[in-house]
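A.B. asks: Sequence:
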Amino acid sequence: MFRHFIGQVYILEPPPETESTQLEIPFPDEILGDIDEESNSIKLDSEQISKIITFREEMGELIGAQPLNSLLKDNSFQTSDFDFILGVASDMKAKPSDWNGLSYLNSDNVNAWDRLLYKIVNLQPGNWDTRHSQFVAFIKTLSGNWHKSIPELLDELDEYDIGIDEFFTLERNVSFKFASLANDVNELQKIILHNGQDISPFVAKLSHVFLPSVVYQLEEYCLPRMISRKLHNHGIINFLDDNLTIHNTIDTLLSIGIQRIFEENFLDPFDKYILRYFFDGVTLENN
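The numbering used here puts the first residue of the sequence shown at 6, with every later residue one more than the last.
You may find that some hints are simply not true.
Here are the simulated lysine-lysine pairs, DSS-like style, with alpha carbons at most 25 angstroms apart [stated by the list, open to error]: (1) LYS56 to LYS153; (2) LYS195 to LYS124; (3) LYS182 to LYS195; (4) LYS195 to LYS235; (5) LYS98 to LYS56; (6) LYS195 to LYS98.
It should be emphasised that the hints constitute simulated quantities derived from the structure, not laboratory data. Since we're looking at a predicted model, the values are computed, not measured.
Construct all of the structure, not just a fragment, from the sequences and the given hints.
C.D. replies: Okay, structure coming up:
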């Protein structure tokens with residue numbers, strides 16, 4: 006009598022026939038700069054294809070078809086937002102003098118960064134989870150990330166009303182959003198301005214929030230920077246070695262062994278607990 010049962014409800018009618026469902030996920034406009042209009046024509050609507058063609062034509066007029074093709078082929082752009090890329094290129098062509106001094110960002114003098122930091126931040130207003138002045142101050146303060154503890158950095162940021170929760174939100178914005186913008190600015194200015202500037206060193210520092218790159222990567226393995234700093238300061242491993250990779254660093258730490266590190270007696274009980282947890286994780290991963 007009962008033809009179908011759902012939960013606690015009996016349905017007298019037959020259940021509906023199963024229908025095949027095809028999920029269509031449209032490409033958002035923000036990533037169209039990363040898509041080829043021919044190979045993805047089936048997935049794109051006519052308006053999006055038109056936007057890609059217009060982008061390529063307008064960018065080709067600004068920087069030349071060959072340089073544009075090289076940038077796209079090498080995946081040099083990190084933002085994938087062609088409206089942003091086109092806007093920056095147009096601004097550089099129209100007002101090249103406004104972009105003078107980009108190389109100051111490679112300087113250790115953070116007070117020389119202000120104008121260019123604001124210039125880049127203002128390219129995407131409302132994208133930073135705080136006021137522009139706070140974000141600029143945060144980047145300058147974050148430059149001491151390797152040499153100062155987080156409590157010391159927070160003391161410096163107190164006047165900007167940046168606490169521990171905001172700290173990590175803004176740090177992520179630096180490593181992903183801001184680093185991507187700075188990278189694309191750098192790629193464009195090398196082609197458009199032709200003045201020998203290259204802020205790749207600054208972009209690299211942004212991408213790992215002014216920490217040694219391996220220290221930044223080790224945090225993904227649950228080894229916090231404060232312990233990495235202690236390992237560095239006590240000569241266990243030199244994190245400023247340019248030849249370090251995440252893999253050979255883990256191999257080196259495993260070869261040294263946790264007991265030898267504990268014998269150096271510079272870690273407190275909580276540090277030892279965290280380091281033991283880290284060693285357990287990487288030991289399992291390497292077996």
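A.B. asks: Taking the hints in turn, state whether each one holds.
C.D. replies: The hints, checked one at a time:
Between LYS56 and LYS153 the CA atoms are separated by roughly 47 angstroms; this puts the pair beyond 25 angstroms, and the hint is violated. Of the pairs offered as hints, the one joining LYS195 and LYS124 holds, with about 17 angstroms between alpha carbons and a cut-off of 25 angstroms not exceeded. This hinted pair checks out: LYS182 and LYS195 have alpha carbons roughly 20 angstroms apart, not beyond 25 angstroms. Of the pairs offered as hints, the one joining LYS195 and LYS235 is violated, with about 39 angstroms between alpha carbons and a cut-off of 25 angstroms exceeded.
Under the criterion of a C-alpha separation no larger than 25 angstroms, the hint pairing LYS98 with LYS56 is consistent with the structure, at around 21 angstroms. Between LYS195 and LYS98, the direct Cα distance comes to roughly 12 angstroms. Compliance with the 25 angstroms bound is thereby established for this hinted pair.
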